[in-house]
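So the sequence lines, in the order shown, correspond to chains A and B.
Note that my numbering has the first sequence beginning at 1, numbered continuously upward.
Note that my numbering has the second sequence beginning at 1, numbered continuously upward.
Quick caveat, the hints were computed from the structure, so don't treat them as lab data.
Careful, some of the hints might be misleading.
[To be verified] Quick look at which bits of chain B chain A covers, simulated, 3 or more residues with Cβ under 8 Å:
id	region
1	24 to 36
2	51 to 58
3	62 to 68
4	132 to 138
[To be verified] Computed list of lysine-lysine pairs in DSS-like fashion (alpha-carbon distance at most 27 Å, straight line):
id	chain 1	residue 1	chain 2	residue 2
5	A	Lys196	B	Lys48
6	A	Lys101	B	Lys48
7	A	Lys100	B	Lys48
8	A	Lys135	B	Lys48
9	B	Lys48	A	Lys136
10	A	Lys148	B	Lys48
11	B	Lys48	A	Lys151
12	A	Lys191	B	Lys48
Every residue, glycine too, gets a C-beta built ideally from N, C-alpha and C.
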Amino acid sequence: MNPSTHNVSGSKPSGDQMTDLVMQARDGNRPAFEQLIDHYQGDIYRLIYYRIRARMDAEDLTQDVFVRAFRNITRIREPLKFRGWLFRIAINRVNDYLRKKKVRAIFKSSDEGTDVQPVATDFQESPEALEQVLKKDFWRHVERIAKKLSKMEREVFMLRFLDNLNINEIAQILKKSESTVKTHLYRALAKFKKEKGLRQFLQEDLT
Amino acid sequence: MSIHNANEPHLADDDMLKAVIDDTDLSTLQQQHLAECSRCQSHRERLKNELTHLGQLAERYAPEPLRRISVADDKARSSLLTRRFTVSAAAVAAVIIVVWATFLIRSQQQGGIGNLAQDMVEAERLMTEVNVLVENALPQVYLDIVGETNLNMDEDFIDFLIPTYEDAPRISALAKKGSISC
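Work out the full structure: start from the sequences and follow the hints.
Encoded structure:
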């Protein structure tokens, strides 16, 4: 079973059901919280993976995010804000991880964290190998544009276009006003427009 | 609205970004233009499609998680963390004790050597004073009265002044004969 799509009830809970689940989880109902995990773990895992690019560490951090959420869920007063609150925990955990990684990097000569998978050169004979090459190329382009963005531009850009959050949610997660979020998005998008390599990659993949 | 061409007023690059992110940030005129201009619409759609595809590819190229998340083992995990913390704390305490003991022993050793050196210096100073007294036992006050600080008194003269027990009868006899002269 794919953990990111697992759901106990077998269907996606509606908005009201989500609110009920959050309220039940807040009252200490563990099965209700497990359902929330089923619903959000894919989003949280991907949010983390996009930023750290290491599968096992992303899994560990995802687990940690939900453990922290479970311990602190009683603090939530508005169940509707659960999603934003969960994403904020994840963003904070990612920032902690990256900070620690920076410190560890001082004592290490090479980066051992990111997933480095062997890429076959004869990909014409293997579709999987071709997919690996495309995957590697894609993340290389993403990394290149990420380096050109400021920290805030990068965060709002990823939350908006990789994590598919709306501006209101981003503002809530980052604790900024919507106009501030938009300003950073405009700047990030202007830089994206100039990033011909990534845009060409996307256009070629679209056609 | 920014105008590129007098005959063909299209949205400028900055306005196109607004159109992609939130078209309500455009002025009413710009919104009207966008609603009517197929060129601007196609420009916006192309950019939007690229960004949507960026998100889709990111999801496609992210590996699936292999294990399912659960908070069921939260207690076990926290007890494991507590155990780890206890072990770490014990290790840190042991290191502190070893460092402290080493420092203490070393400082004591250094203190012993320091005392010994000080004793030796004092002994040397005492011996110097003794030697000075051996050379010239008269205090400075008497030396000032005598008027000579370096009296070269030979052994015979000293023996005359302070005769030994064996010499005493001989010297007193000589004195009686008047054969000793100062």
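Provide an ascending list of the numbers of those earlier hints which the structure does not satisfy. Violated hints: 1, 4, 6, 7; rest satisfied.
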